[in-house]
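Chains as they are written, first to last, in our numbering: chain A, 1 to 368; chain B, 1001 to 1169; chain C, 2001 to 2183; chain D, 3001 to 3430.
If you're looking for bench data, these hints aren't it; they were derived computationally from the structure.
Bear in mind that the values here come from a model prediction, so they are computed numbers and not experimental data.
A few of these clues could be false.
Stated by the list, open to error - Keeping only pairs whose Cα atoms sit at most 20 Å apart, straight-line, the calculated EDC-like set for lysine to aspartate or glutamate is:
| no. | chain 1 | residue 1 | chain 2 | residue 2 |
| --- | --- | --- | --- | --- |
| 1 | C | Lys2146 | A | Glu54 |
| 2 | D | Lys3171 | A | Glu9 |
| 3 | A | Lys138 | A | Asp180 |
| 4 | D | Lys3171 | A | Asp30 |
What the hints assert, rightly or not - Chain D residues, not near chain A, derived (Cβ > 12 Å throughout):
| no. | residue |
| --- | --- |
| 5 | Ile3002 |
| 6 | Asn3063 |
| 7 | Val3066 |
| 8 | Leu3088 |
| 9 | Met3105 |
| 10 | Val3192 |
| 11 | Gly3203 |
| 12 | Gly3264 |
| 13 | Met3265 |
| 14 | Lys3297 |
| 15 | Gly3368 |
| 16 | Thr3380 |
Positions of the beta carbon are idealized from the N, C-alpha and C atoms, including for glycine.
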Amino acid sequence: MPIKSEPVEVNIGPQHPSTHGVFRMVARIDGERIVDVKMVVGYLHRSMEKLAEERTFTQNIPFTDRMDYLAAMTGNLGYCLSVEKLAGIEVPERAQYLRVIFSELQRIASHCMATGAFINDCGAWQTPVMYCFRDREKVLDLFEMTCGARLTTNYMRIGGVAFDIPDEFLPALDRLVNDDLPYRFEEYEQLLVGNEIIMMRARDVGVVTPEMAINASLTGPMLRSAGIAWDTRKADPYCVYDRMTFDIPVGYNGDAYDRMLIRIEEMKQSLRIIRQAVHQLPDGPHKTDVPLAIRPPAGEAYSRVESPKGELGFYVVSDGGPAPYRWHVRAPSLINLSVLKEMTVGQTIADAIVTLGSIDINVGELDR
Amino acid sequence: MINDTGIVVAFYILAATTVGCALMVAFVRELVQAVLFLALAFVGIAGIYIVLSADFVAVVQVLIYAGAVAVLMTFAVMLTPAADRKNSSTAFWAPAAVLAGLVLVIIVFVSYDTNWQIANRPQFGATAAALGEALLKPYVVPFEVASVLLMTAMVGAIVLTKEEEGEDA
Amino acid sequence: MPHAVTLTLPGQQVADRIRTRLPHAVRDVQPGYVVLEPASALEVMAFIRDDEQLDGKFLVQMCSVDQVTRIDVVYHFSSLAQNHIFEVKVPADHEQPVVPSISPLWVGAWLQEREVYDLMGVVFEGHPALTRLFLWDAFPGHPLRKDFMSLPGGQKTGLSQFPKQVPGQTGQEFRPPNPGTGQ
Amino acid sequence: MIMALLTIITDNWWDIRDLSNLSHEIEKLIGDANGPAWLIYVVSGLLGAIGIVSFIGGVAVINIWVERRVVGRMQSRLGPNRLGPFGLLQPVADAIKLMQKEVLMPGTASGLIFTAAPIMFTVPGILLMAVLPWGRNMTLASLDVGVLFLLAASSLAALAVFMAGYSSDNKYALFGSMRVIAMLVSYEIPIVISLLGVVLFAGTMDLQGIVLFQEKYWAFMILLQPLAFFIYFISVSAELNRTPADIAEAESEIVGGYHTEYSGMKFGLFYAAELINAVVVSAIISTLFLGGWWAYKLDEIVPGWMIYIGKIYGVYFLFVWTRGTLPRFRIDQLLAFAWKWMTPMAILNLILVAAEVLVWDESGWSAGVMIPAFVVINGTLAIATVYAFMRLLAPKFERFPTALRFYSNIDVPSLPATADGAARAGTQTV
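Work the whole structure out from these sequences, hints included.
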């Protein structure tokens, strides 16, 4: 007579070391296998979209830092681009190059964090996280040097960048990009990529097929790991990305291991972009003068940016007043989770944790 | 040799704990506690072996019984549905008590009947080597038969569980 | 071959394409977007996804805008193969907004529809698990609506601060009593 | 009498190189003062016990510091250095913090088992210490079934884990304990068989005997039995549930494992027991494989037990090293690893050793020839078997991960519209 075992409901989160913030996953498991996954979000919901309706366009910029607090620069950039598109503002060359440099630096910092946290979910007792944090600190020092803040940078303005870069920025950036980080990434390559245990833990875990990826509108490393070569910087080049030559890493079988590889490769590509951008950095004003309470013409605009988590879109509707009439953010973390059920049902809890780590969600952006 | 008082005292303590645990196994309410008392009884028996300076058998007793059989029992207990985890009293306790009383009487009678002599043999040397010799020299056939029996038992167990999985899949 | 830079299809081109299959599905055509008839919205969506010229297989994003007289549900579709993007709106009544759910067609819409329902109150028929996403179920009202916690006259919150009203009239009922003074 | 005892200990402490000197001295002393005969056993037994328990107390405290410091250095950070010089008082602070913490017990927990579990988890660790040889004849109890005694004591841990898991009546704890028991039981077999290989070679099960064997034939056992060492090290690190096998308290999965509900000194006991077990196991490894207190000519100059402790911390560093760097296996990979890799390899090793011992006895060649021959043969065979197993059993991953494809521009294949989302509608409760 087979042993009768009824499924047990297990709560993973909201206060759990490996859910990257207050994200709760209620998994019903039968023995080790997961039967059903239900996710509960909203613990960090600050209703930013309502608040933004009562502040001027410039006052809304700090909101974008607090959404994806690990990739503040790309958040700022996305919002500023959408308002500039709405108001038809021209951004000087130097500001565009600075924007590219800083969003690529932010991508390195965020991917460092993602890789470290992912390996930590595989169980490696904080050692890789410490290495990744050490490298991330170097990038954050550069941010602090220019805009005073490490995490919530609030560096971009509508029409350009808040401050021009100080004199010691370029030599520090040069030292970081040419002498330090390339060897760090090789170190990751040797330590993590060939590691059998990680291959065993991450191979064929959380697999996404290309069709499902497109249908579930996944973006960023999730889409590229499924084998679809799509990158907003290439498809819809904003700022001066069309003058940069870089490659898009694309995976084969859409599992957690491919996503990790993609993130490490993307960090290398970012280095390439930064080198080219620093090489072509022109002089000139870093910001066009835009009135503080800008009143863009009534209308709507949607613009998107390739943030480390995926495609971050801003849909801004204005009615001619100083405040946006409606302000919607396309959060890649939330939409990348729509396939969570396909990826985890049928696998064990340990795999579910690894899958969640590989999606690299950021709860600030998820809950907005 | 420590003179006899030390050994006798040790023996009585160990005997008391073993019998006490065995009784507790029967009477304790919680089934899981019963299993743990069983493990304690096994360790008590190993202690008695040590008092008889049969060290190899004592260590093997701990390894086999306390280490493996007790864990097996716990798995068995864990697999029983939580409802009847209680050490519920069955209706058969009357006949069981009679039977137990009968066995007790027989033991007491036999222990009084035989005339025990202190075997004046020298102190036991290392028993492990002697056991090894005995197993492989005079008693090698029963040793091999026993191992074959164990093997068939294991294979049988695997086949049984295998079949069960077959149905579920 | 995909366009070098993402092309935003003009509303007119999208409308003509839709009209070839469903003549009277389009209510209004604007330069940037197309407004659909809510009744036949589902067939249009299916057509958008399966048509090889529009090829709207990738739902970029969906959200809702409260236009005081009606509520617009805004969809952005894009075709990764041809690298173009276009916008479609489905209007709904302001008091009881009901819009057909596109979750059977796009898996990505599951969470986004729940979010729109949670924050704007638009009911999507056909969505298998339409519950609140961020707020707790007993939350009164839908925050993103313009008339949420506003004067009975439906005054737009906008930039002007709330005029000092009698407490208990506009949302003060959610404020816990002040432990010190007790109100 | 006390003064005489003190003089023994103080003036020629250098000579206390092994316990036997001490017990002879005491015997002579008690003999002169014609005390009762049994007092000698009691006093020397007591001395040995105090020695070992204080060693364990010291080890449990020092190891907390060693582990945190070493893992800290591995992670390019400093590790505790605030309290006391180099943070040496940090473990003391931890101990005090744990002691003064309130010990909580879940209401529905069965009290007796709940309190008995940490004790039962610590006792085997300390029991094992009695059998280990610290000096030439400095062993508290040189049983001639020493190795078997080690296995028996370490098999009790499975029961203690179950008691902890079951009695704390918490879903996570139950998961953790069930996983650990499954692992302990399945890793016991490779341990037994690999130790059997060592015992076969040394001929005796008495640990002191094994060390003397290594001294007689002038070779560490690890050279003669590399495969046994490899299997034993991995299986025992799984038994201790340290990384890469610390699924018991896999914090990223089920938080805390079987000691989730414990707090205060009970948790302190669990934590200390884990460290003590680690030290005891590294002591066993250094005895069986690295020659215990004997180190070629060194043990004439330096007292045996100093070399021994040096080796213990050497092996302990290996454990800390693997703990600091390797990610964790999943439970089913771990069990498959135990049954598919460890057990067959151990049996293979046993067969090889038996054949070699037979050849050695029958042929009668002198040890001078046989020992180097065994070293060479066993070395190559060990590497060969591990490589063969890797080739045979390794999952069909490509040896080198498929490199990513690089696109200079976007390229999206026109895929058919995916399977209708409606099919998924029924089950979806996202």
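Original post:
Does D/Thr3380 really sit off the interface, with its C-beta more than 12 Å from all C-beta atoms of chain A?
Top reply: holds, 23 Å
**OP:** Compute the least Cβ-Cβ separation between D/Met3265 and chain A, then decide whether it is above 12 Å.
**Re:** The assertion about D/Met3265 holds, with a minimum of 24 Å to chain A.
Original post:
Does D/Val3066 sit more than 12 Å from chain A, CB to CB?
Top reply: holds, 16 Å
Original post:
Against chain A, does D/Met3105 keep a CB gap of more than 12 Å to every residue?
Top reply: holds, 22 Å
**OP:** Quickly compare the C-alpha distance for C/Lys2146 and A/Glu54 to 20 Å and report which way the hint goes.
**Re:** holds, 11 Å
Subject >> Given as non-interface: D/Val3192, partner chain A, CB spacing beyond 12 Å >> reply: holds, 26 Å
Original post:
Going by Cβ atoms, does D/Gly3264 stay more than 12 Å from chain A at every point?
Top reply: Consistent with the label, D/Gly3264 stays out of reach of chain A, its closest Cβ about 21 Å off (over 12 Å).
Subject >> D/Lys3171 paired with A/Glu9 [C-alpha distance capped at 20 Å] >> reply: holds, 10 Å
Subject >> Verdict on D/Gly3203 as a residue remote from chain A, using beta-carbon distances over 12 Å >> reply: holds, 38 Å
**OP:** Say whether it holds or is violated: D/Asn3063 keeps its Cβ farther than 12 Å from all Cβ of chain A.
**Re:** Holds: least Cβ distance 16 Å, greater than 12 Å.
Original post:
Taking the minimum C-beta separation from D/Gly3368 to chain A, is that value above 12 Å?
Top reply: Holds: least Cβ distance 41 Å, greater than 12 Å.
Subject >> Pair hint A/Lys138 and A/Asp180, alpha-carbon separation not exceeding 20 Å >> reply: Roughly 10 Å between the alpha carbons, so the hint for A/Lys138 and A/Asp180 holds.
The structure fails none of the hints (numbered hints given earlier).
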